[in-house]
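As given, the protein sequences belong to chains F and P, one line each in that order.
Here the working numbering runs 186 ahead of the position in the first sequence, where the first position is 1.
Here the working numbering runs 877 ahead of the position in the second sequence, where the first position is 1.
Note that these hints are calculated values from the structure, not bench results.
Any given hint could turn out to be false.
Partial list, derived from the structure: chain F residues whose beta carbon lies under 7 Å from chain P [to be verified]: (1) Pro230; (2) Lys234; (3) Ile238; (4) Lys254; (5) Gly258; (6) Tyr291; (7) Phe292; (8) Phe329; (9) Phe338; (10) Glu399; (11) Asp403; (12) Phe419.
Everything numeric in this text was worked out from a predicted model, so none of it was measured.
Glycine is no exception: its CB is placed at the ideal position from the N, C-alpha and C atoms.
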Amino acid sequence: MASLDDLKKRISSVKSTQKITKAMKMVAAAKLRRAQENAEKGRPYSEKMNNIILNLSSGISDKENAPKLLTGTGEEKTHLCVVMTSDRGLCGGFNTNIIKKAKNYFQKILKENKILKIITVGSKGYDQLKRHYKENIIEKISFKDSKNINYFDADKVGKIIIDRFEKKEFDVCAIFYNQFKNVITQIPQEQQIIPLKSNEEKETSSNNSYEFEPEEDEILSNLLPKNISTQIFKAMLENSASEQGSRMSAMDNATRNAGEMVDKLTIQYNRSRQAAITKELIEIISGAESL
Amino acid sequence: MSEEFKVEIVNPEKSFLSKENATEVVVPAFEGEMGILKDHISIISFLKPGIIKVYSKSEENKYFVEDGIVEFKDNSLSILTSSIYNISELDRNKIDQIIKEAEKEASGENIDDQKRYLVDQKIEVLKNLNLN
Chain F
187 MASLDDLKKR ISSVKSTQKI TKAMKMVAAA KLRRAQENAE KGRPYSEKMN
237 NIILNLSSGI SDKENAPKLL TGTGEEKTHL CVVMTSDRGL CGGFNTNIIK
287 KAKNYFQKIL KENKILKIIT VGSKGYDQLK RHYKENIIEK ISFKDSKNIN
337 YFDADKVGKI IIDRFEKKEF DVCAIFYNQF KNVITQIPQE QQIIPLKSNE
387 EKETSSNNSY EFEPEEDEIL SNLLPKNIST QIFKAMLENS ASEQGSRMSA
437 MDNATRNAGE MVDKLTIQYN RSRQAAITKE LIEIISGAES L
Chain P
878 MSEEFKVEIV NPEKSFLSKE NATEVVVPAF EGEMGILKDH ISIISFLKPG
928 IIKVYSKSEE NKYFVEDGIV EFKDNSLSIL TSSIYNISEL DRNKIDQIIK
978 EAEKEASGEN IDDQKRYLVD QKIEVLKNLN LN
């Protein structure tokens, strides 16, 4: 059994760990509020963008000559997966959930004998994927240096993707991220961005046909790259809110566990102290009796 | 009958402006300035760098945008833009700074014609703004 001194040390070490997790939880909570606000503020933009594109693409008459970003290359040979994770650890199952979702998808693709290419955004995703998919990763991007999520960063990722698409390096592109639902629930998402897949088939009646200026094709070919950046940006915002939420609940759990552990250790400490005192007393009494 | 319609300006970070009582909006569309009144036909268009003017009965607001998309449908106007400034909040320093950045971009080597046109436009608009 551990000696009294050992127990004491143990207790104080658990206590200081608890202090750290508590502080991390507070920080995450404060950041979460900001990130959540940003995510909610960012939603109208991406929704509007999506709506416009839906309206546009349903109105386009000449499907043959529509931009490739919308209709795809006509093949499904090479898949590009953009896996978006965080740059920091200690956030519970946040990164693991995304990776799990992505790995499922990877396996499905590889089983069908298709070519898989991966871009990782955020260093944690790279760390987890490099073991099995090292040769598939074509690029890793990390925004460790930029403090806040900004549109500029998202645009950079979007440009990289479009660049590679124009060089015909892939046919289908999907992004993986966590959608923020609430502090405890984050849903890993898989979203196909090239070719554009509309989740709900919206029936647009003929009476809201638009007037276009300049031509439809020109608008579309300008809008689609922007839409990709926008979707990436949305994913980044959702991701950051999810990361903080996930970290907060993970740290909350850790703090609680540390508290339980301190309680248990303290009881053990008190018991062994009591036992030691009792033992000493018995020794004294039996010593006195034998006289 | 009221002649007011809804305007919403959003940028990626947030909803920049939302107004129910606009009477007229002038946007710098790609092929020239375009004024939009109530019951305009549904339209989608691009913006080039320029000034958006939002008129309502009581006031008039001006914003400087660099790019964007406008959509007008069922008497609601949405403007999506990645960079927008409220002109009343811009001061000379800020304007000069933007002009400087734009000029730097314009003098760059790898710039295509369309981009150059947009950047020139931006500089011109900002310089005119300076005079006001």
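Exercise. Would you check whether glycine 258/F satisfies its interface hint, that is, whether its CB is within less than 7 Å of any CB in chain P?
Key: Violated, about 23 Å.
Self-check item: lysine 254/F as an interface hint toward chain P, with CB separation required under 7 Å
Solution: Violated, because the Cβ-Cβ distance from lysine 254/F to chain P comes to roughly 20 Å (cut-off 7 Å).
Quiz item: Close enough to count: is the Cβ of phenylalanine 419/F nearer than 7 Å to one in chain P?
Solution: Hint holds; phenylalanine 419/F Cβ to chain P Cβ min 5 Å, cut 7 Å.
Quiz prompt | Restraint satisfaction for isoleucine 238/F [CB to CB of chain P, less than 7 Å] | solution = Since the shortest Cβ distance to chain P is 5 Å, the answer is holds.
Exercise. For the hint on proline 230/F, just tell me whether its beta-carbon gets within less than 7 Å of chain P.
Key: 5 Å, holds
Quiz prompt | Status of the phenylalanine 329/F interface restraint (C-beta, 7 Å, chain P) | solution = Check failed: Cβ of phenylalanine 329/F comes no nearer than 15 Å to chain P, outside 7 Å.
Quiz item: Does the nearest C-beta of chain P fall within a distance shorter than 7 Å of the C-beta of lysine 234/F?
Solution: 5 Å, holds
Self-check item: glutamate 399/F as an interface hint toward chain P, with CB separation required under 7 Å
Solution: 4 Å, holds
Practice problem: Under 7 Å, Cβ to Cβ, is where phenylalanine 292/F needs to be relative to chain P, so tell me if that hint holds or is violated. | Solution: Because about 30 Å separates phenylalanine 292/F from the closest Cβ in chain P, which is outside the 7 Å limit, the hint is violated.
Exercise. Classify the hint on aspartate 403/F as holds or violated, based on whether any CB of chain P lies nearer than 7 Å to its CB.
Key: 12 Å, violated
Practice problem: Report holds or violated for the interface hint on tyrosine 291/F, using the least CB-CB distance to chain P and a cut-off of 7 Å. | Solution: With Cβ-Cβ at 27 Å, over 7 Å, it is violated.
Quiz item: Holds or violated: is the Cβ of phenylalanine 338/F closer than 7 Å to a Cβ in chain P?
Solution: Result: violated, 9 Å to nearest chain P Cβ.
Going through the hint list in order, the structure does not satisfy hints 4, 5, 6, 7, 8, 9 and 11.
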